[in-house]
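Given only the sequences and the hints, what does the whole structure look like? Please build it.
Protein chains: 2
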Amino acid sequence: MLEAHKSDLIGEVPIGAVIVHNGKIVGRGHNLREHSQQACDHAEVMAISDANRTLRSWRLVDCTLYVTLEPCIMCSGAIVNSRIDRVVFGARDPKAGAVASLYGLLNDARLNHQVEVEEGVLADQAAMMLKRFFKAARKRNKQRKQQ
Amino acid sequence: MLEAHKSDLIGEVPIGAVIVHNGKIVGRGHNLREHSQQACDHAEVMAISDANRTLRSWRLVDCTLYVTLEPCIMCSGAIVNSRIDRVVFGARDPKAGAVASLYGLLNDARLNHQVEVEEGVLADQAAMMLKRFFKAARKRNKQRKQQ
Numbered sequence: 001m002l003e004a005h006k007s008d009l010i011g012e013v014p015i016g017a018v019i020v021h022n023g024k025i026v027g028r029g030h031n032l033r034e035h036s037q038q039a040c041d042h043a044e045v046m047a048i049s050d051a052n053r054t055l056r057s058w059r060l061v062d063c064t065l066y067v068t069l070e071p072c073i074m075c076s077g078a079i080v081n082s083r084i085d086r087v088v089f090g091a092r093d094p095k096a097g098a099v100a101s102l103y104g105l106l107n108d109a110r111l112n113h114q115v116e117v118e119e120g121v122l123a124d125q126a127a128m129m130l131k132r133f134f135k136a137a138r139k140r141n142k143q144r145k146q147q
Numbered sequence: 001m002l003e004a005h006k007s008d009l010i011g012e013v014p015i016g017a018v019i020v021h022n023g024k025i026v027g028r029g030h031n032l033r034e035h036s037q038q039a040c041d042h043a044e045v046m047a048i049s050d051a052n053r054t055l056r057s058w059r060l061v062d063c064t065l066y067v068t069l070e071p072c073i074m075c076s077g078a079i080v081n082s083r084i085d086r087v088v089f090g091a092r093d094p095k096a097g098a099v100a101s102l103y104g105l106l107n108d109a110r111l112n113h114q115v116e117v118e119e120g121v122l123a124d125q126a127a128m129m130l131k132r133f134f135k136a137a138r139k140r141n142k143q144r145k146q147q
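Chains as they are written, first to last, in UniProt numbering: chain A, 1 to 147; chain B, 1 to 147.
Since the hints were derived computationally from the structure, they do not count as laboratory data. Keep in mind that a hint or two might mislead.
A few chain B residues facing chain A, derived, Cβ under 7 Å [claimed, not checked]:
| hint | residue |
| --- | --- |
| 1 | Val45 |
| 2 | Asn52 |
| 3 | Trp58 |
| 4 | Gly77 |
| 5 | Leu105 |
C-beta: ideal position from N, C-alpha, C; glycine also.
Written out as structure tokens, the structure is:
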């Protein structure tokens, strides 16, 4: 949730992720797309990249990724590609979620890696933070149009 | 194909990608996963990141991505997320391809962006380069085991 707050504070859609290995945080990430103007700078990709650096390996064996929102297609693919064992996410994303909503990409037996999934952890807080963010964004847009 | 050769020369699985906007190459990428030990360093993601920098925007509107091998789940998601208009790929990837082989992720009407797809361009050359790479890798592994 702290990582999501970091995005919130700088006006980005508030989504945060951490990666844990042997009880230690080895990767952190928060959504940075607007600031960096990089399409791939989602919280999960940032956290995976950070963990790859920390563990000096592209294979994140025995790692759990915690993220406030259900991962999209790109992030689900990055999770499979990095061999993460377990994903715990907060709120579902009915429009773009690729773990439970639109697809079940982390549990496709045709792929060379499957991931254990747990959902709903701190889901209300994560959903509330996103709702508050989009409500404020709509208000700002409306005010801009009226000026 | 030149980008794929760059991976080949340094012992990486030879896959290359370029992104073209208004007839100009704005992004280049080749697979770098083993050298960088970064799980997300596939050719397409590297090319998207490069194009985002060149165009100073995460939105790659009016761009075409050319890649030697069918994109995986992660790269297909990155293509959708960056709003690329058109993808031209060479050989199919029956084990991990997410555009035509295992999924059709670039043409899912439920997502907020769909992508025009063309396949088979320089497919024989791309497939040949990959086959040669894996044959040599198997030979090296066999020799190592015999030592």
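Hint-by-hint comparison with the structure:
no.: 1; hint: Val45; result: holds (6 Å)
no.: 2; hint: Asn52; result: holds (5 Å)
no.: 3; hint: Trp58; result: holds (4 Å)
no.: 4; hint: Gly77; result: holds (3 Å)
no.: 5; hint: Leu105; result: holds (6 Å)
Every hint from the earlier list agrees with this structure, and none is contradicted.
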